[in-house]
Every structure is written in C-alpha cells, then in structure tokens.
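> Chain B: place on chain A using the hints.
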Amino acid sequence: MRKHLFPLSSFLNLETNSDMQTTTAHVYPVDNIDTDRIIPGKYTKTLDMSALASHVLEDLDPEFSKKVQQGDILVAGNNFGCGSSREQAPIALKAAGVSVVVAKTFARIFYRNAINIGLPVIEVEHHNIQSGDSISIDLEHGVVTNHTKNETYQATKMPQQMIDILNAGGLVNYLVKHGDYV
Amino acid sequence: MNQTISEKILSQHAGKPVKAGDIAIVRVDGVMATDATAPFAIKAFRQMGGKKLWDSERVSLIIDHASPAPNETVANLHKLMRDFSEEMGCRLYDIGEGICHQLVVENAHVKPGDLFLGADSHTPTYGALNAFGIGVGSTDLAATMLTGKTWLKVPKTIKITLNGELKKGVTAKDLILFLVKELGVEGANYQAVEFTGETIKGMTLASRMAIANMSSEMGAKAGLVDPTGLDLWYPFEPTFADNDAEYVRELTFDVSALRPQIAKPHSPENVVAIDEVLGTKVQYAFIGSCTNTRLEDLHAAAQVLKGKKLTSTRLIIAPASKKVFNDALKDGTIQILSDAGATFITSGCGPCVGSHLGVPGDGEVVISSTNRNFQGRMGNPKAQVYLGSPAVVAASALAGEIVEPE
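So the sequences go chain by chain: A and B. The first sequence begins at 1 in this note's numbering and counts up one residue at a time. The second sequence begins at 1 in this note's numbering and counts up one residue at a time.
So here's chain A without its partners, still in its complex pose (with noise of 0.2 angstroms):
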C-alpha cells in the first residue's frame, strides 16, 4: 500500500516533525458559506495578503480575524466556499492564519484552489467539534481527532491528484518541481 505522509508542520510552517499537532477549532455551524462572506469582494483587487487577511469573513464574523491564531482550524456546515472562484477566498483563510478547513462538504472550486494554494481541507460529514475544542488532523488516513471530547472522526479520502499536488505545497511547487501534469 502507498503511503501519503501529510506532516501537518508543513503547512502551518512550525518547527517541530510532528505529524500531529494540536490546534484549536472555531466553528461555524452554517451551510452555504460564501465567497462573498469569506473575503467580499470591494476587498479582493490586491496582491497584498494581510490586507486579505484582516477582512476575512468579516461579514460573517467581525471578531474572527482578531480571533484566529496561526495554525487554528475553521469548521464549517455544507457547501463551503460556494459562489465566486476567487482564489483570495482560501488565500484570506490562510493568510489569516488559518492551517486547515473542515467542513461536511464544499464548493468545488473553492476546494480545488485551497488544494492549489496548499491550504488542506477536509470533508467531515459528522462530527462533534465545538469552538474552542483541540484537534488534530490526520490527513494520511482522514481522521480527526477532537482530543478535548476524546472523539475521533472519518474524513472523505481525496483523488490522489490532489495528495500529489498538496504533498507538493501547492499547484505552483508541483509544477516547479515537474514541470508539467503528470
């Protein structure tokens, strides 16, 4: 069996070789979250993230950006990230501090640029997570664990063309390091 190790240090750019580190979760039990909502779109004519990042989901929020800490992780309903295919969308997420997203399900698009940007998110479809809760994400075997409720929770397994481009970093280091799809 092929093993794909996801060292979640990589992403939220820690110094330790932990596989599993420990963050903490802010919820937002809502369906339908859009991109208008994550980073509207009066805010998104730049190339500059931190200003990204200060206005995200602001709409839906005014206190999450002053909440979040580097290396938390969003939690969220159905259909995340539904509507435009703004890219600053995820990038808002992560610049802020956000290391990854877990929700029931989400927007294709949205999905498919967090992968690209190397944000990991993953679809749980029932858990139990409550703001403020420690968890570890597991994205070799799709488990998470929510350590304050001892509880663990079965992730959807991702194409492995997604697994290729995120142990990569990102579309742009797949692309770098090969050159072309492969």
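Every clue listed holds true.
These stretches of chain B come out as covered by chain A in the derived footprint (C-beta under 8 angstroms, 3 or more residues):
id, region
1, 41 to 55
2, 143 to 152
3, 185 to 192
4, 368 to 377
Read the hints as simulated data drawn from the structure, not as lab findings. For each residue, glycine too, the CB sits at the ideal point set by N, CA and C.
Coordinates of chain B only, in the frame set by chain A:
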C-alpha cells in the same frame, strides 16, 4: 457508447475514452482570466517558472470586474495585465469591451465541442453553445497557461428535461431561477447538468446562455444545453448525449404554467413565484451581468419602458458588451431606455460584483437581473437584493415596487 455530453467532450480531450468518476489529464482549447483573477494567475505563472504561454492565441485576458479602474491599486493590476499581454503576445480586452463570457462567445474563442477554462465561476455559460466550460481559480489557470492542460474528475451528470411552452412574459431567467430552487445551491455540486426538452430546443443563444450561466448557482461543474435548435453564425458539429447515456439523476418538468420567479435575499435558491413578493418597495434596479444584459434583455426592458418615465427608483444598465451596446444604439433601444431615465454605465460586471460603482445604501432594496444575491455581493451587506428577469426589473423600476410586466 452510452455517453453523456460531458463524457464525449472530455474523452476527446483526454485522448482516450473516459467515464464519470475517472480522473483525467486533458488538453484545453482556450483559457480566459479577468481583472479579478488574472493578476494572481500571472503571479502564479511566473512562480511556476513560466517564460512563455503554451499558445498565446488561446489565452484571453479581460478587464471587466472593476472597469475602468476605480483607484490606484486596481489601476496597477490592470496595468500588470496590459504589460503581461504585450510581453506574452496574448489577447487583451481592455475596459469597456464587455463582460468576459459575452466576449469569449461573441468572438468565438470558444466553440461547440471545446473544453474551455475560465478563471471565473460563471464559465459554465459556454454550455449554451455545446462546449464544456469550467470555472477555476487563478493557480489552476496559470498551470494551463503554462502547459495547455489541466486535470479533472469526469463528472456525473444530472439530466433536466423541460417541456411545455413558456407563458408570455416568462423567460429563460425565470426557468433557471426555478431550477436553482428545485435543486438547491449545492444540488449539482461536482456534477454536470444537461438541459434538454422541447422548451429548451426553441431557445435563442442568449436565453441558453442565461440558463447555462446560472447552472453554477447549483454548484455545477458544467451546464450543457442540448444543441438541437442552436443557431450560430458559423458551422459546427454538435455533440449530443447518447440515448442510453447514464445519469445520476433525471428530472422532468412541465413549465407551461410557470410564473415569473424571484430570488429573495440572500441566496439564489431562495426563489418564489413573483406573486409572493408583489408590492415590495425597491429603490434601485440593475440590468446587467453575464446572465442577463444581452440585446434580447435590453429589448425586453425597452418594451416595458417605451414612452414611460422613471420617478422614484434609479435604474442602472451595463450592456453585456460594446457590440451589444452598439446594436442597441442602432436599433433605437438605447434611446428608449435613456429617455425613460435609465443610467448607462461601462460594459462590464459593474454593480453585480460590488467592486466599484453602483453600491446600494444601508437598508436599500435592489431588484436585479444578475445571478447572485449573497449578503454583501453588491458591496453592502446591509442591502437586500432580489433577482428577476430583465422585464421584471424594468417594470419594478417603473412602479417603485416589485410588479409583473404587463
């Protein structure tokens, strides 16, 4: 061969037969990015080590989302696009030329049977002309600019059959709003939709585009309209689904009794028959967007407003392209609308994306011919946006409240 339209087009581009669920690396016929997505795509292209485009003839950059530039930041992003197109020799549509999807179709950059990638979520619009259009983000687009390829999962397909003649005053927009309600905003997530049936087969290209366009509001990867009756100005080879094609879901509707439909705030699936919202006061009306501001839409508005005068409600119109504007100028439509008091703005996305002009005020109610009414979409989360057909928007602008056109 029991193939859907998606399976046929994608098999041709994979160079081998593929079926729903397969992961395939496919060649792409053309790409497009806008000022909302091209700057990031250019940045990613350079980071990938890109020195030249895979085929500069097949790349279009289009300035439409915040056009003309409202501030120096956007002005510099536009400049970045102009400089890049000059350096790489690719096509650039500058300010005022029109909305990306209109330009790509008008100038035949996408043709029936093509696989086209657009860095814009409404790229499924090209399903109107029997092409597989996929919306992607900037980095995916950059990768195709470099390689001429992308990877994808061949989608399962939902087949929607529409029968019956639409009543007078009921349009393709009403039909697609109704279907978004029926399927929901994630009803076709990761899937393709095929639209067929007698109702569709008699439709104009513009009406087909309105339907395919809003298939993205169901989360669809592509919205493919049956090419029977498709009338284009150049010869083409249509791609039909096989009679024994396999679908994940099949839905049939008789739409002969359909009433005009309205999406209420703040979701395009929050759709009701117009009867439920008649009398809702509106301060601002907008006819625009890649969904509904083509010539037939302007004609519908002019029919309502001919010889009339707007009083309390402001009406903004952004024609889909310079060509649409010029055609409407020549046939007198612009004069009728202008005499009625409508304000014309640059052909482009305009108020639909809330990036620059035409932002509604706090608590204001908007009736709009666009495709999305997410909270904050038009630039103000405190505004209420209702979606309807161009005729309903024009009639409501005249009445100052949501009404049905006579």
